[in-house]
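J.: Going down the list, the sequences are from chains A and B.
Under our numbering, the first residue of the first sequence carries the number 1, and numbering increases by one thereafter.
Under our numbering, the first residue of the second sequence carries the number 1, and numbering increases by one thereafter.
For the record, the hints were derived by calculation from the structure and aren't laboratory data.
Positions of the beta carbon are idealized from the N, C-alpha and C atoms, including for glycine.
Errors might be hidden in some of the hints.
DSS-like, lysine-lysine: derived pairs with alpha carbons at most 30 Å apart [to be verified]: (1) A:Lys2 x B:Lys286; (2) A:Lys7 x B:Lys286; (3) A:Lys327 x B:Lys2; (4) B:Lys242 x B:Lys215; (5) A:Lys286 x B:Lys7; (6) A:Lys327 x B:Lys7; (7) B:Lys327 x A:Lys327; (8) A:Lys268 x A:Lys189; (9) B:Lys286 x A:Lys8; (10) A:Lys8 x B:Lys327; (11) A:Lys215 x A:Lys7; (12) A:Lys286 x B:Lys2; (13) B:Lys327 x A:Lys7; (14) B:Lys215 x A:Lys286; (15) B:Lys286 x A:Lys215; (16) A:Lys286 x B:Lys286; (17) A:Lys2 x B:Lys2.
Residues from chain A that keep clear of chain B, each with C-beta distances beyond 12 Å, as calculated [what the hints assert, rightly or not]: (18) Ala15; (19) Glu96; (20) Asp140; (21) Arg143; (22) Tyr157; (23) Asp187; (24) Arg205; (25) Arg253; (26) Ser320; (27) Gly328.
There are 2 protein chains.
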Amino acid sequence: MKIQLDKKTLAEALALLERVIPSRSSNPLLTYLSLALPAAIPDGKGGALVLTGTNGEVDLRLFVLPSGREPVLGSGHVLIPAAPLAQVVRNLPGEEVLLEVEGELSLASASFQTRFAVADPEGFPEPLFPEPRLRLKAQDLLRALTHVRYAASNEEYRAIFRGIQLEFSEGGLRAVASDGYRLAVYDLKGAPVLERSAKLVVPARSVDEVVRVLKAVASPGDSDEVDLGFAEGTLGLSLAPKERPLGVRMAVRLMEGEFPDYERVIPKEYVLEAEVEADTLRESLKRVSVLADRQNHRVDLFFESASPLGEAREGRLTLSAEGDYGKGREELPVRASGVAMTVSFNARYLLDALGPLEGPVRLRLSGAQTPAVVSGGGEGEPDGYLAVVVPLRV
Amino acid sequence: MKIQLDKKTLAEALALLERVIPSRSSNPLLTYLSLALPAAIPDGKGGALVLTGTNGEVDLRLFVLPSGREPVLGSGHVLIPAAPLAQVVRNLPGEEVLLEVEGELSLASASFQTRFAVADPEGFPEPLFPEPRLRLKAQDLLRALTHVRYAASNEEYRAIFRGIQLEFSEGGLRAVASDGYRLAVYDLKGAPVLERSAKLVVPARSVDEVVRVLKAVASPGDSDEVDLGFAEGTLGLSLAPKERPLGVRMAVRLMEGEFPDYERVIPKEYVLEAEVEADTLRESLKRVSVLADRQNHRVDLFFESASPLGEAREGRLTLSAEGDYGKGREELPVRASGVAMTVSFNARYLLDALGPLEGPVRLRLSGAQTPAVVSGGGEGEPDGYLAVVVPLRV
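Chain A with its partners taken away, still in its complex shape (with noise of 0.2 Å):
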């Protein structure tokens, strides 16, 4: 077999599956990668080198299409140590690769010329990609996943909050995560309808694999699109991106169960709410959490304001921490209404859920000791972000 790719993308398929690939495992197999040139394959993409590599929780499939004026000849199907080829690939001297195998692989770029030993694929885990069933724009899923990333648990023994719920329902498609003692919500609308609903679990170390590929492969524009389907506890993801040589397919084994109802954790009313420039809030917090205590990140929120709900007018909102340091304190404009109130966050919570934010941003408070919700301000997104923080008990 023998196929001429564009250095580029090549070598940013293999940096893709490099971090997919683990550098040890207890099946040799699978610090591999599988290179094939199929004499046809799905999709349409008939003569495209196939790489494939797999974790065991993600199986990421990149098809690379011929460049130049190269025929593309025979087919085989070899495995090779993915970070050597991936490193040789990178440094290669000329724009063009001339890849062959032959009893080993060679690859020749310019003045470089270098051959590697290959082993039987026999014994390969080979990945099931499940039919797809929905059709999103690849920013769309990108944005829904990345602004709720954050509040994913990282403990072990968090079980199912280490996951991100997908929920297809007539609305839409909804990403929710939490860690238990704060909640994230994208819901993004006007997003295609399955003919049922259906939650899946994603771990949030898969969703980082996902984000981290849809990123280098989906133009930022809204042109590409990815196809969705699910089968026997995997989610399948595909794409062909429309102005690059390449293609993606993604299975991503799920989590068992569904997260317990996280609804009755989002207030119904508030008693005070504000509104502030995130750049604005996300700063001052920054600098004077510096002075906050070290273990609980307590800074203080101070409302001045005090008209009817709903009737906001322009105010002050005062940040202060305390610390083995000293004191630190700032005043920030906001406009606000309800009661004036003085409110304790830790510090890493509040500028979490500010984190996917831009321009003004919405506070709703529920009371100085129960739950708080940030969301976006003005006249914002089309889309439905929504944070759930719950204050320090002080």
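Since chain A is already given, all that's left is putting chain B on it; use the hints.
T.: Quick look at chain B alone, frame taken from chain A:
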């Protein structure tokens, strides 16, 4: 005491100090930063804020000159934890900061105010800075240090080779580093001459601090100069950049002893001389060495040229390597004279030796098993860089 300062300058001074000051120490006073506003200080910088920190090996003092229209008032001296102060200053909202000590240390910048608890300066080690004896361009000193730094040993047991030797003599200043397996020498020609010659060995880690400080503080042009002095096992450096509102003093503890006679490892006669572009050779070494043995990183260099020494002709240099994964090979154009030969190097050592070089480089071989010399080629730099690399025994 009260002084108004430029936030960026203060933040930069604190960042430099934060790197030197240890985050923990058997003497807790060393984790503090000394902050003083003397009534009058040496070298005419009266009325500047004086910030001092030490790690026991390097004492670093920064003078930050006042900015803005606020007068400098009073004098004082306190200790304060370095890390939180640096972090707060980095994040200040305004361009100016008003610093005041009265019981506590308070900082005000735009809408933000903070107060830090301070400690008594009693017992803080007051650094001694040797009197200046020699003035050099800051960029010349930087160049000498950064050309040889890589060759110093990181191994605890290499004793003197963990330092960089500075030799002051009639010929100017020479910097030398070695780990016993390779050697780097940089001659700063035309450097001012001392009344008598001297050899100082500066610990490589302290050299890293000196380099970091000079790079941050000295202008990239030739205008800023460093005063050097030495006394009682200490090297002193001071620098007052012409166009910035700050000044620096450093006192660096020297190592005892001096290097053994390293000149005997520099070959006097060669059997092959070759000239090649630094970047071309570097990139090729990186590619080919991916395939090399993981232990010794062996790359073979075959020079085909066979014209009498000194009568260089266009020829080819072939790099090749072979390891567990496979083989790599590349041919490069080279101008060479002398015998045709193959010589094997640890690719990392050769890459290190090429590190400081741009444009044409000269390789001089004394034999396949005897030391080789790497230096700048063509009509290169006026100063002299020379690296000795010993071939692998194969």
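J.: For each hint, tell me whether it holds in the structure or not.
T.: How the hints compare with the structure:
The suggested pairing of A:Lys2 with B:Lys286 holds, with an alpha-carbon distance near 25 Å, which does not exceed 30 Å. With a CA separation close to 17 Å, the supplied pair A:Lys7 and B:Lys286 stays within the 30 Å bound. The straight-line distance between the Cα atoms of A:Lys327 and B:Lys2 is roughly 19 Å, inside the 30 Å bound, and the hint therefore holds. Distance check on the hinted pair: B:Lys242 and B:Lys215 sit about 15 Å apart at the alpha-carbon level, within 30 Å; holds.
A threshold of 30 Å between alpha carbons decides the hint, and for A:Lys286 with B:Lys7 the separation of about 17 Å falls inside it, so the pair holds. Between A:Lys327 and B:Lys7, the direct Cα distance comes to roughly 19 Å. Compliance with the 30 Å bound is thereby established for this hinted pair. About 62 Å separates the Cα atoms of B:Lys327 and A:Lys327, which puts this hinted pair outside 30 Å; it is violated. For the suggested pair A:Lys268 and A:Lys189, the alpha carbons sit about 21 Å apart, so the restraint of at most 30 Å is met.
Restraint check for B:Lys286 and A:Lys8: the C-alpha separation of about 17 Å stays at or below 30 Å, so the hint holds. Taking the CA atoms of A:Lys8 and B:Lys327, the gap is near 22 Å; set against the 30 Å cutoff, the hint holds. Restraint check for A:Lys215 and A:Lys7: satisfied, since their Cα atoms lie roughly 19 Å apart, inside the 30 Å limit. For the proposed pair A:Lys286 and B:Lys2, the alpha carbon gap of about 25 Å is at most 30 Å, so the pair holds.
Annotation: proposed proximity of B:Lys327 to A:Lys7 holds, straight-line Cα distance about 19 Å (limit 30 Å). Restraint check for B:Lys215 and A:Lys286: satisfied, since their Cα atoms lie roughly 29 Å apart, inside the 30 Å limit. With a CA separation close to 28 Å, the supplied pair B:Lys286 and A:Lys215 stays within the 30 Å bound. The suggested pairing of A:Lys286 with B:Lys286 is violated, with an alpha-carbon distance near 42 Å, which exceeds 30 Å.
In summary, the hint linking A:Lys2 to B:Lys2 is not supported, as the alpha carbons are separated by about 75 Å, beyond the 30 Å threshold. Separation of A:Ala15 from chain B is adequate, the least Cβ-Cβ distance of about 14 Å exceeding the 12 Å criterion. With a closest Cβ-Cβ approach of about 15 Å to chain B, A:Glu96 is found to remain outside the 12 Å limit, as its non-interface label requires. The Cβ of A:Asp140 lies farther than 12 Å from every Cβ of chain B, with a closest approach of about 34 Å, so its non-interface assignment holds.
Look at A:Arg143: its CB is around 28 Å from the nearest CB on chain B, clear of 12 Å, so calling it non-interface holds up. For A:Tyr157, the condition that its CB be more than 12 Å from all CB atoms of chain B holds, with the nearest at approximately 31 Å. Against chain B, the non-interface label of A:Asp187 holds: every CB pair exceeds 12 Å, the least being about 33 Å. The beta carbon of A:Arg205 is kept farther than 12 Å from every beta carbon of chain B, the shortest such distance being approximately 28 Å.
The Cβ of A:Arg253 sits about 30 Å from the closest Cβ of chain B, beyond the 12 Å cut-off, so the non-interface label holds. Distance check on A:Ser320: its Cβ comes as close as 9 Å (rounded) to a Cβ of chain B, failing to clear the 12 Å threshold; non-interface status is violated. The non-interface label for A:Gly328 is inconsistent with chain B: the shortest C-beta to C-beta separation is roughly 4 Å, within 12 Å.
The structure fails to meet hints 7, 16, 17, 26, 27 from the earlier list, while all remaining hints are met.
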